[in-house]
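Engineer: The lines below spell out each chain.
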Amino acid sequence: MTQESSWRYTTLGLLLSAMALFIVVQMVRIQLSPQAEVFRDQGNAYSGGWQTIVPARGEIFDRWGHLLAGNTTVYEVGVELSEVQNPSTIALALNAIVGADHDEVYAAASQEPSSTAVYRVLADFVTEDQKTRLEQLAGEMDVAYQDSKDQKRPSLAGLRFVPHLQRSYPEKELASNVLGFVNRQGRGFFGVEEKFNDLLAGTPQTVWIPADPNRVEEIPDIPPGASLTLTIDRAVQSEMEAILDQALATSGAENGTILVMDPRTGEILAMATTPRLDLNEYWRYAEVFVNPTPFNRAVSKAFEPGSVFKVLTMSTALDTGTVKPNTPFLDTGVFEIGGAIIHNWDGGAWGPQDMLGCMQHSLNVCLAWVASQVGADQFYAHMQKFGIGHLTGVDLAGEVPGRLKIPGDNDWYEADLGTNAFGQGVSVTPVQLVTAVSALANDGKMVTPRVVKSVLDKGRVYNTSPQVVGMPITAETAHKITKMLATSLEVESSVALVDGYQVAGKTGTAEIPTPLGYTSSATNASFIGWGPVDDPRFLVYIWLEKPTTSPWGSVVAAPVFHDAVERLVVLMNLPPDNVRKRLINGQ
Amino acid sequence: MDSVQRFTQAYSQAPWRKQVQLIGLFLLGLILVALVAGVYLNVTARAATIGRSIQGMRNTIENLERRNADLESQLAGLTSNGEMQARATELGFHPIDSEEQVFYIVVPGYVERQAAPMDASPAPALPRVKTLSPDYTQSLFDWLRERVFEPAAPLSEVKP
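Protein sequence lines, in the order shown, are assigned to chains S and Y. For the record, in the first sequence the residue sitting at position 74 is 74 according to our numbering, with numbers rising by one throughout. For the record, in the second sequence the residue sitting at position 55 is 55 according to our numbering, with numbers rising by one throughout.
Isolated chain S (complex conformation):
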């Protein structure tokens, strides 16, 4: 190596070393500079992103496992701005197929792409069918204009479809008042969907999703929302809805409710009410439920029950020992209490009666007398034990407590004791009445009504169990009143009777109060009954609002009870009493 070349190599080495040193110094300087954080943020911005993972909403099944509420895939339609060729075509297509606003879509799709404008959402909740049509149209355009050199040729280039889940209700209107619905923001309204919204919705989690596959991280396993199995029997529910619709048509009633409960467990087998809504079109809510119609009358509408309330009055009197089934009563057609004159439903005097006759003929005068004999303290104490005026705790949203005025309240008068005895001046909900009467059909034990049978949450099943909320009357009293009511139906040859099955029950006809008093001729016609009386398996309540063909519960509601029970025993596999007893005795 010559001196000259050695000098050159030394110079080159020094130069390269200086450059390397410069780079190292710069690296250290930048790392320690205040701008380092900005660079780090820029790097992080491209390295991935935080994403909120919303778990699939839990499903809802009927008691036999039929899906009542599930999920289905819908799409968010967006546009990749850098790929858009013709915003006008996109706007026209989305307007025609999805129904999106043309001008809004055109404005969004026409945006110039930039670092802040990369992707724009054009429409959401687009169905699979609509998505397929858009894709077909895009394909057809590509083929038709593939040779065109025109920069503005029709094209749907840039469209993106992002799938996500949306609530779906395969049974449409069936049990809609029990289920409630979920809006597009994922919030449950009414019924089970609202009551169990937090459980059904699950817990969304926000996780970091790295874009760099080298930094792939495990996404936590986010469990779906809890699933519910209801006590509702789809077949029974469907039959009750059909029977109710038929009853409304024949009676001319404005609205109605049929409630079917197992009095031993409190399980509600069917809760049919009107109006109903196809839950897949929940946005028609305001159109169907004209203000102030409650979503579910069975839990949200309190009304004066009328004579069906007499079963509670008579149970109280029997339980307190005030009367016996054969206690005599002379009905003069008039009874005065607290300054109010009580008359019978027909204004007549029914002469010598016993308690059975009082119930059979539904005598207001007799029951007002019975309540007066029981005394206000005992009467209202029992009514409170029956849960009147209190929430039942049914697992549905929107329950109201009704109203029971009691001594001591500013608006309670002694006359109320007389009118309350036959269901006037007191308001209850259907579910409240059914809960109270469950004590009569269940050996004196009153059970909490429920629609949720079990919950599947994070791989574990939680079964709900029957809850006895009280024993307002003794088992002996329950048997006595059941026998009285069964006998009264039989003696009366009521149209509520069902061949082969002994049932107990009571009709109800309640005038509907107006702000001026009982001035309207409109009534609430009802019937409550249970059976078979020796081993009650069903408790059925019928309520028809403002029937026009006849105001009487015995005329319009009792036949509905008959129809309902006739179908119910078949669907519940309940043999006639004689067959059942023969089978039990092994003959």
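Everything labelled a hint here was simulated from the structure, so no lab data went into it. Heads up, a few of these hints could be off.
[Said to hold, decoys possible] Covered stretches of chain S (chain Y as the covering partner; in silico rule of three or more C-beta atoms under 8 Å from a C-beta of chain Y):
no.	region
1	70–82
2	193–206
3	229–236
4	438–444
[Said to hold, decoys possible] Chain Y side only, calculated, beta carbon under 10 Å to chain S, not exhaustive:
no.	residue
5	Arg67
6	Gln85
7	Pro95
This one's a predicted model, so the numbers in the text were calculated from it and none came from an experiment. Each residue gets a CB set at the ideal place from its N, CA and C atoms; glycine is no exception.
Given chain S's structure and the hints, the job is docking chain Y onto it.
Structural biologist: Only chain Y this time, still in chain S's reference frame:
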């Protein structure tokens, strides 16, 4: 003095031999660096490939879950109460009109219809732990750093 010179001359290496040694050492270093770079590239490429596969599988799982939900809803729609009633009517069936049409017989061993049991998937018995091995997430430098800062851990130790 001469003897010292002779001794030095005898054991000193020829200049060309020194050059060869230097070049050899340089090449050895180069090969080592290339080896490390090759191993690093290989590991990184594999990790990236597997990472992409995982990302792809995640998408597949999400799609399958949505597809399952769709199929379940479709099936529920096809077997809904209204649909089944319509099909039954088409086939000539009709609801039982009266009790006379029902016959009850004793079937030995008959078990009453039971309410649908919820399909509970086995719940994890232990608190959830990460199942993705660090082999898929750790770079060579991460691995080296871990080893350097955890000198007590023998290289052969198998971590759970």
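Engineer: Against the earlier hints, flag every one the structure doesn't satisfy and list their numbers going up.
Structural biologist: 2 and 4
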